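Go ahead and model the full structure; you've got the sequences and the hints to work with.
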Amino acid sequence: MRLPEGVRHTWAVAAKDLLVEFRSRTGIVSAAVFVVLVLMVFNFGRDPTAVSNLVLAPTILWVTFTFAAIIALNRAFQLELENQALDGLLLSPIGRGSIYLGKLIANLVFVAIVEVIGVPLVALFFNVEVWQNIGPLAGIIALATLGFVAVGTLFSAMTVRTRFAELLLPVVLLPFMILPLMWATMATTAIFGGRPLSEIGGWLKMLAGYDIVFVIVALLLFPATVNE
Amino acid sequence: MLLAEQLHHRFGSVRALDGISFSVRPGQTLAIFGPNGAGKTTLLRVLAGLIRPHQGRAHVEGGRRAIGWIGHQAQLYNQLTVRENLRFWASLYDVAPPAELLTRLGLEEHADRPVRALSRGLVQRVAIARALVHNPAVLLLDEPFTGLDRTAAETLGRLLAQHAAAGRATVLVTHNVEEGTGLATEVAFMRAGRFVHFGPRAGRGAQQVSEEYRNAIA
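Heads up: the protein sequence lines correspond to chains F and S, in order. So the first sequence is numbered by this note's numbering: it starts at 1 and just counts up by one. So the second sequence is numbered by this note's numbering: it starts at 1001 and just counts up by one.
Think of the hints as simulated: they come from the structure by calculation, not from any bench. The model shown is predicted, which means the values in this text are computed figures rather than measured ones. All C-beta atoms, glycine included, are put in the ideal place defined by N, C-alpha and C. Any given hint might turn out to be false.
As the list claims (entries may be wrong) - Where chain F lies over chain S, by a calculated footprint (3+ residues, C-beta under 8 Å):
| id | stretch |
| --- | --- |
| 1 | 1045-1054 |
| 2 | 1063-1069 |
| 3 | 1198-1205 |
Following this line, the structure appears as structure tokens:
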């Protein structure tokens, strides 16, 4: 069975980005090393008697994921510029939406890999109950990640042609990440604290709402960001 | 097949295109000559739909699907092999990369090498293969002979002649009159965003066109 055209083009862009990244390993290795180093620094640079792990771990987890994701997101359109291929993509008959969604999927995979490395380290360093709560925690991480990667992919396209792209991306992206980060941190704290799942339902709904709104907004705005 | 009507485009106070109109019919090859900064690349980008003109309209029959583009840059992913690159670009046009393309461009033995390992001339050949991968009806070429050795330049010349013989259109911009004249059926000289000459080559040789060009842009 032949997939619809938009799905095929989206997958072609995503598969190409993944293949290019796994060949070069530039962004993924940088982000993964960053996660390991930051978690190690937080582990050794804290006073365990001053703040409880339960309070500290969710904050550190999300701060680390945020900056690691920014490293990965910076690569999204950089690789098109490095390979001078953006014109070719824009000239091809595929929809701008397919380019955006392809990039979004590839970015989600990169960030997910970084998160898969980060979560066990948080469990190891901060002695919090990750494995008993892995299902709800995965849900929180998935919903929060989709939201800020959706916005980040759009901003990555907007900033890539600027002189200070690597600086500008976090500057424009972080204000949009405040809400999902706040909700994700609160939900993670509740999960680590052994609170009932019903308590995080509200945060998850808000994260899902944020995802729906910002994926749609990004899809609508993306053509204007890449057209000259 | 390709129509440009009163194209105007500015970059700040600089008029890159200043009222350009022309058409290219099937089988025609238009060579546009002009010095650096004449607006040649901007014109090609407008024709390709990569830049929206401030005034006027460019129309290519068949839209983006009908356009093959060779720009200043190869537009290839250095980390991927030649074959993977062609497969990717072909997939965007919902076609399979024609097997004979690699042979015609002498790329068969390099097909499984990453693009970053190729010489500049070979990269340019892959860029040509990329532009032809979907058998486009209109080719837009920006200095396509740059970096090509003599053999590859002759191969490109042959491919462009076959393209025209198949009733397809080509617009070629270059500052090298000798290279462009041999392929052209129509010739335009461009200066400061305007055509100062446009018409059929009518059997004139490179030397004559070159002389007329020098006089026209002086």
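Here is what the structure says about each hint:
no.: 1; hint: 1045-1054; verdict: holds (count 6)
no.: 2; hint: 1063-1069; verdict: holds (count 5)
no.: 3; hint: 1198-1205; verdict: violated (count 0)
Of the numbered hints stated above, the single one contradicted by the structure is hint 3.
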